[in-house]
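Student: What follows is the residue order along each chain.
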Amino acid sequence: MSRALDILKDAGSVAFFALLIFAPFLGVQLGDNNAGNLTLGARPALLAGAVALVFGARVLMRLWQDHRPTTQAAKLSARLKPAGRFIAPALLVFALIMPLLPGVPAQYIDLGVLILTYIMLGWGLNIVVGLAGLLDLGYVAFYAVGAYSFALLAQDFNLSFWECLPLAGLLAACWGMFLGFPVLRLRGDYLAIVTLAFGEIIRLVITNWVSLTGGPNGITDIPNPSLFGLRFAMFPGPGTVAGVFHITPHPWQRIAFLYYIILGLALITNWVTLRLRKQPLGRAWEALREDEIACRALGINVRNTKLTAFAIGAMFGGFAGCFFATRDGFISPDSFTFMESATVLAIVVLGGAGSQLGIVLAACVMIGVPQMLQSLAIYRMLIFGIALVVIMIVRPRGFISERRPTISLGKAQAISADLISQGKG
Amino acid sequence: MAYALQQLINGLTLGMIYGLIAVGYTMVYGIIGMINFAHGDVFMIGAFVGIISLTALTGITSVPLGLLAAFVLAAVFCGVYGFAIERVAYRPLRGSFRLAPLISAIGMSILLENYVQVSQGALERAIPNLIPGGFTLMDENGFVVQLSWMQISIVVVTLIVLAVFTYIVTKTPLGRAMRAVEQDAKMAALLGIDTNRTITLTFIIGSCLAAFAGVMFLLYYGVIDFYIGFNAGIKAFTAAVLGGIGSLPGAVLGGLLIGLIEAFWSGYATVAYKDVAVYSILAIVLMFMPSGLLGRHEVEKV
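These protein sequences, in sequence, are chains C and H. So that you can map any letter, position 364 of the first sequence is 364 in our numbering, and since no number is skipped, the others follow by simple counting. So that you can map any letter, position 53 of the second sequence is 53 in our numbering, and since no number is skipped, the others follow by simple counting.
Worth flagging that the hints you see were computed from the coordinates, not collected in a lab. Quick reminder that beta carbons are idealized off the backbone N, C-alpha and C, glycines included. Among the clues, some could well be false.
Partner residues aside, some chain C positions facing chain H, computed with beta carbon under 7 Å [claimed, not checked]: (1) L19; (2) I201; (3) W209; (4) L267; (5) L388.
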């Protein structure tokens, strides 16, 4: 009996705080009257409803806490690990045949394209954050550099997607080096704020340099990628895919083509990362993440190691940006806000900072679910914010929270993700 | 000369507001070592509570009383928000790996922005200038240097708030506890300091400062929307880092510098690139002084 009273008391105090928190926002409504002055309307019913909801949720949460099986969270990770061997190939096969399955609507393929773009961005950022342990809050800058390189090269020099793709990657890598130089000496949160500042600088320059980038209006009519010089057009004719292969043109063909391009790009990112981890450079990144001072003592060139991490991470960001520009055919500074950096970083961290498969799962959850909630309109981002907080509290170390260093002396010990931080190991 | 003086006045006023927010960032960073990304949104909440209280009290009380009420209400509600944010989003993650609270904070920031947008609408809300007038400092070939009562009030209120805050941090038992927890949380706990309570109070105090900054921002610019927290938050965090994160005088100094850079850049170069100037100067300062202007230089121990 006292237990029930205890729960009610606790829920009551939580509800009281909820009342204080909701009162100025849900309890009242700012409005305008005809004279243009602000007015205030009361919404007691909404406020009462919200507070009652919090009260009920708190009671349920306490009851659930009493009956929860305690080891569940630890088990999930352990169960996922052996399953990972099968999940990864299964996901790959599914990704390869998904557009070809009969009855898959084009919008799902489009969603697949979007998710794959974020998987690729996640894998790219993972090189910087997960492998080299450098906290980068401005990754969107390289995404923007890639997108604008392609858009401008296509607009001013009539270059095609395939000619621009390597150039976009190269330019983004150069920017990665360029932005990497000043931050070499910085650690932890100083690094975070400077990378964030660089992301904002690039966005502000794009917005304000109207003569080059079109400013807030962006760039339109960015060309579509071609298949060995053949275009995807709505009508059959010479030089189009439909005309040469004698098939009926269909929008599906273009979307599926885009899907396979980004799938290929993402898989290249993954392959390069996995290969690099087996080579001196990747080993140096991992060592740098675990202990920077030890790295220096062992003669690892910390400067070059950090710069290559920035450059290679940025290069993949640039590829993804180039693809983004060709997919939408339109880019504007609005696509390259801090929100994008935050989303990609959230994907990396939720995936377990360092786990390639974890990033895939996190990208599906973070990008796929909000897209499904499209109909909820303005509540979508609210739910996104709540989800970020809740997922972090429930699984602070990400979906797949353990990984082994690629190489180690003696018995390889699994390292939990909490050791991944700047210069601490 | 006159033009420079005017920019100096504008810059200092703006810098005071940034400084107040930056103190909240730097306090939280000093005590638990995390970037409280939601702090800028607490500032926005403060501005909204301010506009709501001012609207509710219009016609009921005189302007000075209404302003006082707006400041007090904003501080109280923001204190509750700071308390709740720490409890819900950060405390469960304390001692976890360090990217976790960062992501949680970013989530909290998105949550607060959208909560205000959903509940109060995305429209910009405006109030008339409540402290009109001022006096002319100097008149140079027709260019009049104005020092408005609004700017004087902002500077005076900020100085009072900072004085009270400095007193709390340096002279009271709570301030001592805060500094002790900042230096070594485990040792402080062993010596009988309730670290959880101290951290909670740090959040509440930081949020109150952000509330004051929010109401002053509202009074100064007269226009707010749900998105003001992002920009102001980033600028204030930049200020905190510029001054040396963890250092309270550094935060105020950084805020003033950022305000001055913004004002002079807008006055003498292009308004469009004022934020670029702020961020570039941050990067340049950190290149040569990696721990900020007044930050402690960390000794690497092996």
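Student: Indicate, hint by hint, whether the structure satisfies it.
Tutor: Against the structure, the hints:
1. Violation of the interface hint for L19 of chain C is found here, the shortest Cβ-Cβ separation to chain H being roughly 10 Å, above the 7 Å cut-off.
2. Annotation: I201 of chain C was flagged as interfacial toward chain H, and the flag holds, the nearest CB pair being 5 Å apart, inside 7 Å.
3. Because the closest C-beta pair between W209 of chain C and chain H is about 9 Å apart, greater than 7 Å, the hint is violated.
4. For L267 of chain C, the interface hint is violated, the least distance from its beta-carbon to any beta-carbon of chain H being 26 Å, above 7 Å.
5. Hint status for L388 of chain C relative to chain H: holds, with the closest Cβ pair at about 3 Å, below 7 Å.
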